[in-house]
Amino acid sequence: MRVLDAAELLSLWERGTPRHALDRAALLAAAARPDWPADAIADLPLGAIGASLLHLRAANFGPHIDAHADCRHCGQRLAFALDVAELLRDAPPEEADGRPMPMAEAAGLRIRAPSLRDLAAVAGLASEDAADALLARCTLAGQPDAIDAATRAQVDEALEALDPQADLAFALTCVGCGRQDMAQLDTAALLWDEISIRAGALLQEVHRLASSYGWSEEQILALSATRRAHYLALVEGES
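Quick note: the sequence shown uses the numbering used here, first residue 1, plus one each step.
Just so you know, these hints were derived from the structure itself, not from any lab. Hints are supplied without guarantee of correctness; some may be wrong.
Said to hold, decoys possible - Here are the simulated distance ranges between beta carbons:
| # | residue 1 | residue 2 | range |
| --- | --- | --- | --- |
| 1 | His207 | Pro37 | 17 to 23 Å |
| 2 | Asp83 | Thr151 | 36 to 42 Å |
| 3 | Met182 | Ser216 | 45 to 51 Å |
| 4 | Arg179 | Glu238 | 54 to 60 Å |
| 5 | Arg89 | Ala189 | 18 to 24 Å |
| 6 | Ala229 | Asp83 | 25 to 31 Å |
| 7 | Gly124 | Thr173 | 31 to 37 Å |
| 8 | Met182 | Glu238 | 49 to 55 Å |
| 9 | Ala153 | Leu223 | 33 to 39 Å |
| 10 | Arg179 | Ala85 | 27 to 33 Å |
Since we're looking at a predicted model, the values are computed, not measured. Just so you know, even glycine gets a beta-carbon here, dropped at the ideal spot from N, CA and C.
Put together the whole structure using the sequences plus the hints.
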């Protein structure tokens, strides 16, 4: 998996900052997998996108994730740890690109796994309407609006089974109220937060070194992290 250098990370942060979260996820996937055609990323299974982002996260920020979620029952903030290798245990091999969109038959419908393009198409709808519109988009044959609630549950289960990596959810026990809760990992949001934090730190380093030595941003970012740290220590020692 690709390791971003300082200049690449800042460029990625700059391009992603003004984008919608879904478009940003596609941008991050393109950075993670430059071998994927950029115009095809929005149509890939969500699990493939998420797996590519987890690989990128591990390469640039390490294999362990310290996460948190708020209990929906009492509001207690819950901390939990995740391991990227464990999250990717059931994912296809990283080199398995160009695989077909997963499809299945359920309750008389032929359905496929959702993609980023599908999520973008229903993003402005209310929750129930969005679910109906998403199913309609993912139905290749059959009449999704003709099924009853019980059958719909079967179809929803089939959709989830098509791409289990698309929704990484974890059971938690609240330390405050003792009740069970579920937490979901938004891989794109997690990775983007970490990129934003590192970008902010890099800009601070550029500012301090440029102010002290008159170097350009390009010259400063071309230095290794170790050399930048030593120069920053010298600057701090003189202040």
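So which hints don't hold here, by number, going up?
1 and 9
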